[in-house]
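Protein chains in written order, with our numbering: chain A, 1 to 496; chain B, 497 to 817; chain C, 818 to 935; chain D, 936 to 1044.
These aren't lab readings, by the way, just hints derived from the structure by calculation.
If you're wondering where the values come from, they're calculated on a predicted model, not measured in any experiment.
Mixed in with the good hints there might be a few duds.
[Unchecked claim] SDA-like, lysine to any residue: derived pairs with alpha carbons at most 25 angstroms apart: (1) B:Lys744 x B:Arg666; (2) B:Lys782 x A:Arg155; (3) C:Lys918 x B:Glu742; (4) A:Lys372 x A:Glu409; (5) C:Lys918 x B:Tyr595; (6) D:Lys1003 x D:Pro967; (7) C:Lys918 x B:Ala521; (8) A:Lys207 x B:Val588; (9) B:Lys744 x A:Leu24; (10) B:Lys573 x B:Phe520; (11) B:Lys782 x A:Ser275; (12) A:Lys207 x B:Asp779; (13) A:Lys98 x A:Arg432; (14) B:Lys744 x B:Tyr708; (15) C:Lys918 x A:Gln108; (16) B:Lys735 x B:Leu766; (17) A:Lys207 x B:Asp599; (18) C:Lys918 x A:Arg155; (19) C:Lys872 x B:Tyr708; (20) C:Lys872 x B:Pro609; (21) A:Lys207 x B:Pro609; (22) C:Lys918 x C:Asp823; (23) B:Lys573 x B:Ala608; (24) B:Lys735 x B:Ile528; (25) A:Lys207 x A:Ser275; (26) A:Lys207 x A:Ala197; (27) C:Lys872 x B:Pro616; (28) C:Lys872 x B:Phe520; (29) B:Lys573 x A:Val168; (30) C:Lys918 x B:Asp734; (31) A:Lys207 x C:Lys918; (32) C:Lys918 x A:Val168; (33) D:Lys1003 x C:Ile842; (34) D:Lys1003 x B:Ile528; (35) A:Lys98 x C:Gly874; (36) B:Lys782 x B:Leu766; (37) B:Lys735 x B:Lys782.
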Amino acid sequence: MISSHLPVLQVVLPLIAAPLCLLLRRSSLLWILSFAASLAAMIIAWLLLQQAGSSGVISYTIGGWAAPWGIEYRIDTLNAYVLLIVTSISTVVLLAAKKSIEQEIPQQHWPMFYSSYLLCLTGLLGITATGDAFNVFVFLEISSLSSYALISLGRDRRALTASYQYLVMGTIGATFILIGIGLLYMLTGTLNMHDLAQRLPAVAQSKTLLSAFAFLFVGISLKLALFPLHLWLPNAYTYSPSIVSAFLAGTATKVAVYVLLRFIFTVFGADYAFSVLPLTEILMLLAVAAIMFASISAIYQSNIKRLFAYSSVAQLGYIILGIGFLSVSGLTATLLHLFNHALMKAALFMALACVLYRQGDVMFSNVKGLGKTMPWTFMAIVLGGLSLVGVPLTVGFISKWYLVVAAIEQGHFVLVAIILFGSLLALVYVWRLVEQGYFHNSEEDHPRQEAPLSLLIPTWMLVLANIYLGIDTSLTIGAAEQAAQMLLGQAGGGSP
Amino acid sequence: MINIILLGFLAVVAIAVAMMRDLFAIVMLFGIYSLLTAGIFVSLDAVDVAFTEAAVGAGISTILILSTLALTSREEKQPTHSFLLPLLVVLVTGATLVYGTLDMPAFSDPEAPVHQHVAPHYLNQAEQETGVPNIVTAVLASYRSYDTMGEVTVIFTAGIAVLLLLSAFRHHEDEASNLNDLSHHPVLRYIARLMIPFILLFALYVQFHGDYGPGGGFQAGVIFAAGFILYGLVVGIDKTRQMFSESKLHWLMASGLLLYIGVGIVSLLLGGEFLNYNVFAADPLKGQHWGIFLVELGVGITVTATMISVFLAFSEVRRSE
Amino acid sequence: MSTFIDLYNYWIFIFLMMVGFYIVISQGNLVKKIIGLNIFQTAVFLLYISMGKVKGGTAPIIMAGDVSYSNPLPHVLILTAIVVGVATTALAMALIIRIRKAYGTIEEQDIHEQDASL
Amino acid sequence: MWDILVSYCSDALLITGSFLSLTFAIGLLRFPDFYTRMHAAGVSDTLCAGLIVLGLVLQAGISLVTLKLLFILLFLWFTSPTASFALARAAHRAGYRVSEQEEVASSNS
Chain A
1 MISSHLPVLQ VVLPLIAAPL CLLLRRSSLL WILSFAASLA AMIIAWLLLQ
51 QAGSSGVISY TIGGWAAPWG IEYRIDTLNA YVLLIVTSIS TVVLLAAKKS
101 IEQEIPQQHW PMFYSSYLLC LTGLLGITAT GDAFNVFVFL EISSLSSYAL
151 ISLGRDRRAL TASYQYLVMG TIGATFILIG IGLLYMLTGT LNMHDLAQRL
201 PAVAQSKTLL SAFAFLFVGI SLKLALFPLH LWLPNAYTYS PSIVSAFLAG
251 TATKVAVYVL LRFIFTVFGA DYAFSVLPLT EILMLLAVAA IMFASISAIY
301 QSNIKRLFAY SSVAQLGYII LGIGFLSVSG LTATLLHLFN HALMKAALFM
351 ALACVLYRQG DVMFSNVKGL GKTMPWTFMA IVLGGLSLVG VPLTVGFISK
401 WYLVVAAIEQ GHFVLVAIIL FGSLLALVYV WRLVEQGYFH NSEEDHPRQE
451 APLSLLIPTW MLVLANIYLG IDTSLTIGAA EQAAQMLLGQ AGGGSP
Chain B
497 MINIILLGFL AVVAIAVAMM RDLFAIVMLF GIYSLLTAGI FVSLDAVDVA
547 FTEAAVGAGI STILILSTLA LTSREEKQPT HSFLLPLLVV LVTGATLVYG
597 TLDMPAFSDP EAPVHQHVAP HYLNQAEQET GVPNIVTAVL ASYRSYDTMG
647 EVTVIFTAGI AVLLLLSAFR HHEDEASNLN DLSHHPVLRY IARLMIPFIL
697 LFALYVQFHG DYGPGGGFQA GVIFAAGFIL YGLVVGIDKT RQMFSESKLH
747 WLMASGLLLY IGVGIVSLLL GGEFLNYNVF AADPLKGQHW GIFLVELGVG
797 ITVTATMISV FLAFSEVRRS E
Chain C
818 MSTFIDLYNY WIFIFLMMVG FYIVISQGNL VKKIIGLNIF QTAVFLLYIS
868 MGKVKGGTAP IIMAGDVSYS NPLPHVLILT AIVVGVATTA LAMALIIRIR
918 KAYGTIEEQD IHEQDASL
Chain D
936 MWDILVSYCS DALLITGSFL SLTFAIGLLR FPDFYTRMHA AGVSDTLCAG
986 LIVLGLVLQA GISLVTLKLL FILLFLWFTS PTASFALARA AHRAGYRVSE
1036 QEEVASSNS
């Protein structure tokens, strides 16, 4: 009986835990409750992926009202896959959260911090699970508002301005999305995505539809931090508390990519999206610009969190590049990199949380000699960095491999060169770190002082996942390929 | 006709906001803008929306921005950077939208697609299916009640966020609050005390009459909170804080949201889908009635508690620089 | 000409949206940006509500007799969106108060200068 | 016959109310200082609102709407004088003074 309600429980379980956090007074209970909720959500996501894999699309009508009249949850391989990414990153990050939060956030804020964290998780899951266009907007705002609050908790006062900047840009993005959804509704009279997909071909010639597409694309790109709309991201990731950086870097932009995929492929249909606009060229151009510009910016940063934030913008470029190919291997690369990049960035930001825990800051001067004083933490950073570069036996290699294959398939050899050059740039900034950590001695004579185990173990869980999934690829590639085929199948043959 | 005049006013007000430098005047103009919008909503038959816009835009938002100005500064500096790029962005965006309007159905055309597909079902069936004559309430609290749950969650999130940001800046008991100036005015105090019971009564009316007329949990919550905010202004913030301690407000904020989710969970346990009210009673209409009642109550509680705690958080911020 | 009569409503809304949008991206004062954002959003709400209007229709509260009603769905959506808007405004105002406490100013220019001088 | 009479009365009330409101708006712009302007605004609140609501009451006839309108009127009669009072007092405290006639004359010339 429970199994039929999994789609809604996926979102509702973390949601219930959020107000409960506010009522709990014991701080140890807070962490247990949040972790339990996130873990439960992860198990549900896993079960949903199994169900979606075996039985195709799962539809759940909320309130018992049939689809276009009520709100429908519609789970297929694609959302189940993204749900799994979000919940697993959230769970591992929470595992480490307790220690890091104890240090970075005053105790009186803990209940509200955990509550916001769970609300953010709820919002992200809600966006991913829903099959209703307006419901996307509502849950988008839940996740956005809570992430503004989470970011503003950073200790530096620049966290406040970063949060404000994100708030303004995020709200503009959300309003653009609202305009886009409104125009779609105007054309079809429905808000259900599946229903929209069936009704839009009839009005494919409409100028209003083109305008709706433009607004949705720009709005989602703002949320996704697609170059050149990425301005909010470096500040937001740099100044927020470590745990929040790790969580957001692993989840928020990934969900935005999902929304883009969902609208392009499911709602508008690839036929429309790629024929009416030169979308392939637009996506490729933006992606290449993101890879080049952000990688080069990353090299010049002195704050390591900021370095990895710029690297995130570059990695999003790879993810977007895969969409541009409009082929199964391209989309598989996109989806693989979605998961892999979440793993790498969460691992890296968690390792930085360890550094921050001991050193108080994450400037380049703080990692001098870290290879000796915090060997495990620094090893995690190095392995995560190698994965970022795309060295074989790491997950980064797998997704770049697929991307290169997709580029060669279509004869885009320039893009192959750019992908390789981007990896080279990544190597440069990772090498700068390695150099500081292993070949410089720290100015003061620090005793060997490793981060606490409760931080180190989750970090290494992610690092090991980076390596394990880079060797045994059956799990991720299977789901990614299935989802990619589904997206393109819809694009080619009309209804699924 | 009325529309054209109101829209003209709106355009003038918007331009004035863009041109002016005195923030205080801008906020007042913004309140007027909201009120005008509410007027247009009425003329476009959206009474519920007008009600909310008047309460929120002209009321809550304006109060929040004003109290922020009181804590910051009221003059805006002359910006120095170039206006060309923003102007270009705006022109491109506007052009895209205008391009989009060219294929839009004419204004108020009953043949437009919006009126053909989902909406007729609501208009023809909703009263039989939910027993609520106000279709907006029926859609809000039953057909799309999941969206409304999201809406309550958004309010709850904002409440938590404001508390996170401002609670560290609470002034202590011994510092006298500047905001309760009004408590020294005998006339104001007398009139306010006379009014408050009626305001609260009106809020209850809006809460429970939402099925039949414009209104519902959100509007009621705002009005209810407004009553207590007025009380806070005339009697003093400290007295109001004594009435609503922090933990009590937390409890109320959480319980409204939990009530909403609880309704969903119970319907799930009774064998229906999440938020399917039909399973609450043998007669689906009765079940719907209960479901909508409880859900609206949840909305009202959370909105009231959040508004009050946001107001208190704003007015308790220390004024010292 | 008929296009103008049919669409002038939408064009005014677009004009309002763009005035709001312009305020957001061109002004340096944090409070004024948020007011611009509100104007922008409110204009979008107007666009939604106006698409629900039916000629000769009345508010969608079912009455006896043969009456035509306006479309209730945009009303529901905008009710939710208004609430989201005020939630954003409240959060933004709290942030501005904190920024003022940390920097002593609410002008973007001054904040950048202070950060750059660090 | 009765209907026509009522509707004429209602129209007359509405027009008078609107006209007064217009004159007060002009007054608000033209009067020399804060207090005289407030005088214009305050009176417009009570008298205009009263006339307009009465006009509407006549149009509505005897129904629930009438009752609601009367409540609105009552509410306005309580609140707007209070608001004017609070405003004047705040202005007085903030140091606004009644401007002298000569000053006005000189500033106009």
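Checked hints:
Restraint check for B:Lys744 and B:Arg666: the C-alpha separation of about 17 angstroms stays at or below 25 angstroms, so the hint holds. About 53 angstroms separates the Cα atoms of B:Lys782 and A:Arg155, which puts this hinted pair outside 25 angstroms; it is violated. Pair hint C:Lys918 plus B:Glu742 holds up; C-alpha atoms about 23 angstroms apart against a cutoff of 25 angstroms. Restraint check: the Cα-Cα separation between A:Lys372 and A:Glu409 comes to about 45 angstroms, which exceeds 25 angstroms; the hinted pair is violated.
Proximity of C:Lys918 to B:Tyr595 is assessed by CA-CA distance (about 45 angstroms); at most 25 angstroms being required, the pair is judged violated. Between D:Lys1003 and D:Pro967 the alpha-carbon distance is near 38 angstroms, which puts this suggested pair outside the 25 angstroms criterion. Note on C:Lys918 and B:Ala521: the hinted pairing holds, with a Cα-Cα distance of about 23 angstroms set against a maximum of 25 angstroms. For the hint linking A:Lys207 to B:Val588, the alpha-carbon distance of about 15 angstroms falls within 25 angstroms, and the restraint holds.
Of the supplied pair hints, the one linking B:Lys744 and A:Leu24 holds, its CA atoms being roughly 13 angstroms apart against a limit of 25 angstroms. Our distance criterion of 25 angstroms between C-alpha atoms is met by B:Lys573 and B:Phe520, whose separation comes to about 13 angstroms. For the proposed pair B:Lys782 and A:Ser275, the alpha carbon gap of about 51 angstroms is over 25 angstroms, so the pair is violated. Between A:Lys207 and B:Asp779 the CA atoms are separated by roughly 48 angstroms; this puts the pair beyond 25 angstroms, and the hint is violated.
With a CA separation close to 31 angstroms, the supplied pair A:Lys98 and A:Arg432 exceeds the 25 angstroms bound. With a C-alpha separation of about 32 angstroms, the suggested pairing of B:Lys744 with B:Tyr708 is violated against the 25 angstroms cut-off. Note on C:Lys918 and A:Gln108: the hinted pairing holds, with a Cα-Cα distance of about 20 angstroms set against a maximum of 25 angstroms. The suggested pairing of B:Lys735 with B:Leu766 is violated, with an alpha-carbon distance near 44 angstroms, which exceeds 25 angstroms.
About 6 angstroms separates the Cα atoms of A:Lys207 and B:Asp599, which keeps this hinted pair within 25 angstroms; it holds. Between C:Lys918 and A:Arg155 the alpha-carbon distance is near 14 angstroms, which keeps this suggested pair within the 25 angstroms criterion. A C-alpha spacing of about 23 angstroms is found between C:Lys872 and B:Tyr708, which places the hinted pair at or below 25 angstroms, so the restraint holds. Among the hinted pairs, C:Lys872 with B:Pro609 is consistent with the structure: their alpha-carbon atoms are about 14 angstroms apart, no more than 25 angstroms.
Between A:Lys207 and B:Pro609, the direct Cα distance comes to roughly 15 angstroms. Compliance with the 25 angstroms bound is thereby established for this hinted pair. Straight-line distance between C-alpha atoms of C:Lys918 and C:Asp823 comes to about 50 angstroms, which puts the hinted pair past the 25 angstroms bound. Between B:Lys573 and B:Ala608 the CA atoms are separated by roughly 47 angstroms; this puts the pair beyond 25 angstroms, and the hint is violated. For the proposed pair B:Lys735 and B:Ile528, the alpha carbon gap of about 32 angstroms is over 25 angstroms, so the pair is violated.
A hinted pair counts as satisfied when its Cα atoms are at most 25 angstroms apart, and A:Lys207 with A:Ser275 qualifies at roughly 14 angstroms. Straight-line distance between C-alpha atoms of A:Lys207 and A:Ala197 comes to about 17 angstroms, which keeps the hinted pair within the 25 angstroms bound. Restraint check: the Cα-Cα separation between C:Lys872 and B:Pro616 comes to about 15 angstroms, which is no more than 25 angstroms; the hinted pair holds. Between C:Lys872 and B:Phe520, the direct Cα distance comes to roughly 39 angstroms. Violation of the 25 angstroms bound is thereby established for this hinted pair.
Taking the CA atoms of B:Lys573 and A:Val168, the gap is near 20 angstroms; set against the 25 angstroms cutoff, the hint holds. Annotation: proposed proximity of C:Lys918 to B:Asp734 holds, straight-line Cα distance about 23 angstroms (limit 25 angstroms). With a C-alpha separation of about 48 angstroms, the suggested pair A:Lys207 and C:Lys918 falls outside the 25 angstroms cut-off, and the hint is violated. Straight-line distance between C-alpha atoms of C:Lys918 and A:Val168 comes to about 20 angstroms, which keeps the hinted pair within the 25 angstroms bound.
Under the criterion of a C-alpha separation no larger than 25 angstroms, the hint pairing D:Lys1003 with C:Ile842 is inconsistent with the structure, at around 44 angstroms. Annotation: proposed proximity of D:Lys1003 to B:Ile528 holds, straight-line Cα distance about 24 angstroms (limit 25 angstroms). With a CA separation close to 57 angstroms, the supplied pair A:Lys98 and C:Gly874 exceeds the 25 angstroms bound. At roughly 15 angstroms between alpha-carbon atoms, B:Lys782 and B:Leu766 fall within 25 angstroms of each other, so this suggested pair holds.
A C-alpha spacing of about 42 angstroms is found between B:Lys735 and B:Lys782, which places the hinted pair above 25 angstroms, so the restraint is violated.
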